[in-house]
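Protein chains in written order, with our numbering: chain A, 1 to 118; chain B, 1 to 114.
In case anyone wonders, no lab produced these hints; they're calculated from the structure.
Hints may contain errors.
A few chain A residues that don't get close to chain B, going by computed Cβ distances all over 10 Å [what the hints assert, rightly or not]:
(1) Gly16
(2) Glu22
(3) Ser43
(4) Val62
(5) Ser89
(6) Val117
When the alpha-carbon atoms are kept at most 20 Å apart in a straight line, the in silico SDA-like pairs for lysine to any residue are as follows [what the hints assert, rightly or not]:
(7) A:Lys41 to B:Ser41
(8) A:Lys41 to B:Asn54
(9) A:Lys41 to B:Gln42
(10) A:Lys41 to B:Thr26
(11) B:Lys3 to A:Glu63
(12) A:Lys41 to B:Lys69
(13) A:Lys66 to A:Val117
(14) A:Lys20 to A:Glu106
(15) B:Lys3 to A:Ser73
(16) B:Lys69 to B:Ile112
(17) A:Lys41 to B:Thr5
(18) A:Lys41 to B:Pro8
(19) B:Lys3 to B:Asn113
Not the full set, but computed from the structure, chain B residues with beta-carbon under 10 Å of chain A [claimed, not checked]:
(20) Met10
(21) Cys12
(22) Arg16
(23) Tyr36
(24) Gln42
(25) Pro44
(26) Gln45
(27) Thr83
(28) Val85
(29) Tyr87
(30) Leu102
(31) Phe104
(32) Gln106
(33) Gly107
(34) Thr111
(35) Pro114
Backbone N, C-alpha and C define an ideal beta-carbon position, used for all residues, glycine too.
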Amino acid sequence: GAVVSQHPSWVICKSGTSVKIECRSLDFQATTMFWYRQFPKQSLMLMATSNEGSKATYEQGVEKDKFLINHASLTLSTLTVTSAHPEDSSFYICSARSRGGLAVYEQYFGPGTRLTVT
Amino acid sequence: DAKTTQPPSMDCAEGRAANLPCNHSTISGNEYVYWYRQIHSQGPQYIIHGLKNNETNEMASLIITEDRKSSTLILPHATLRDTAVYYCIVRVAILREGAQKLVFGQGTRLTINP
Numbered sequence: 001g002a003v004v005s006q007h008p009s010w011v012i013c014k015s016g017t018s019v020k021i022e023c024r025s026l027d028f029q030a031t032t033m034f035w036y037r038q039f040p041k042q043s044l045m046l047m048a049t050s051n052e053g054s055k056a057t058y059e060q061g062v063e064k065d066k067f068l069i070n071h072a073s074l075t076l077s078t079l080t081v082t083s084a085h086p087e088d089s090s091f092y093i094c095s096a097r098s099r100g101g102l103a104v105y106e107q108y109f110g111p112g113t114r115l116t117v118t
Numbered sequence: 001d002a003k004t005t006q007p008p009s010m011d012c013a014e015g016r017a018a019n020l021p022c023n024h025s026t027i028s029g030n031e032y033v034y035w036y037r038q039i040h041s042q043g044p045q046y047i048i049h050g051l052k053n054n055e056t057n058e059m060a061s062l063i064i065t066e067d068r069k070s071s072t073l074i075l076p077h078a079t080l081r082d083t084a085v086y087y088c089i090v091r092v093a094i095l096r097e098g099a100q101k102l103v104f105g106q107g108t109r110l111t112i113n114p
């Protein structure tokens with residue numbers, strides 16, 4: 001299957017700072033990327049959907065000014081957690097859907113980024 | 001999308017078949033059943049999907065009941081590396097632009113014991 005990478009794989013930051021997480025589709029063009037968040041022992045929660053060149057669509061309850069998503073190219077999306085607080089500590093997972101892919105299984109997941117805010 | 005119900009946890013002995021059930025009693029005719037799994041601290045991995053016929057690939061088999069209200073994922077010879085959370089998701093197969101969400105339930109935490 002296609003490969004999605006995330007960078008960094010883990011990050012520790014201080015409260016009040018901002019953190020950027022990158023998501024790249026390595027061998028395919030991703031017209032749509034998704035960002036999920038997962039707290040310990042819980043399921044994945046969809047945060048937002050982004051289409052290349054368009055503004056992201058955020059799920060209800062997700063603050064768009066706090067979680068900035070940029071999908072500037074067909075292979076890169078970034079999630080910036082602004083003014084991070086300890087409650088933002090979580091496992092962030094991105095997913096990418098390939099251009100022309102219409103079936104759900106053509107959605108590929110990255111390995112995740114563990115964010116710890118101290 | 002139809003909702004799914006899965007047992008929160010299951011255990012299976014290494015080398016035996018692991019059978020993971022999923023109920024989706026409100027599934028509609030154009031909805032497929034998909035299975036993903038998530039090994040600890042990794043991203044989800046696609047396993048298999050099906051509409052109404054049983055499906056098999058190199059990872060698993062999917063058995064869907066005739067009324068399509070439930071299904072079972074079968075890992076024929078479970079290994080320790082199959083320990084993971086398994087998610088059963090019901091979705092339409094062809095995604096319209098703008099209707100692209102993949103929503104995860106709580107899944108089943110499968111533990112393979114040596």
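Do the hints match the structure? See the list:
1. Gly16: holds, 26 Å
2. Glu22: Fine: 14 Å to the nearest Cβ keeps Glu22 of chain A off the interface.
3. Ser43: It is violated; Ser43 of chain A is separated from chain B by about 5 Å at its closest Cβ, not greater than 10 Å.
4. Val62: At about 13 Å from chain B, Val62 of chain A clears the 10 Å cut-off, so the statement holds.
5. Ser89: holds, 14 Å
6. Val117: Label holds. Min Cβ-Cβ 18 Å, cutoff 10 Å.
7. A:Lys41 to B:Ser41: holds, 11 Å
8. A:Lys41 to B:Asn54: violated, 31 Å
9. A:Lys41 to B:Gln42: holds, 13 Å
10. A:Lys41 to B:Thr26: Not satisfied, since the Cα-Cα distance of roughly 27 Å exceeds 20 Å.
11. B:Lys3 to A:Glu63: violated, 26 Å
12. A:Lys41 to B:Lys69: The hint is violated at about 27 Å.
13. A:Lys66 to A:Val117: Since the Cα atoms of Lys66 of chain A and Val117 of chain A sit roughly 14 Å apart, the hinted pair holds (cutoff 20 Å).
14. A:Lys20 to A:Glu106: violated, 26 Å
15. B:Lys3 to A:Ser73: violated, 34 Å
16. B:Lys69 to B:Ile112: At roughly 27 Å apart (the allowed maximum being 20 Å), Ile112 of chain B and Lys69 of chain B break the hint.
17. A:Lys41 to B:Thr5: Between Lys41 of chain A and Thr5 of chain B the Cα gap is close to 17 Å, so the pair holds against 20 Å.
18. A:Lys41 to B:Pro8: Roughly 11 Å separates the two Cα atoms, so the pair holds.
19. B:Lys3 to B:Asn113: violated, 30 Å
20. Met10: With a minimum Cβ separation of about 16 Å from chain A (threshold 10 Å), the hint on Met10 of chain B is violated.
21. Cys12: violated, 20 Å
22. Arg16: violated, 26 Å
23. Tyr36: holds, 8 Å
24. Gln42: Hint on Gln42 of chain B: holds, closest Cβ of chain A at ~6 Å, below 10 Å.
25. Pro44: holds, 5 Å
26. Gln45: Hint on Gln45 of chain B: holds, closest Cβ of chain A at ~7 Å, below 10 Å.
27. Thr83: violated, 15 Å
28. Val85: holds, 8 Å
29. Tyr87: holds, 7 Å
30. Leu102: holds, 6 Å
31. Phe104: holds, 4 Å
32. Gln106: holds, 5 Å
33. Gly107: Holds, about 6 Å.
34. Thr111: violated, 14 Å
35. Pro114: Because about 23 Å separates Pro114 of chain B from the closest Cβ in chain A, which is outside the 10 Å limit, the hint is violated.
The structure is inconsistent with the numbered hints 3, 8, 10, 11, 12, 14, 15, 16, 19, 20, 21, 22, 27, 34, 35, although it conforms to all the rest.
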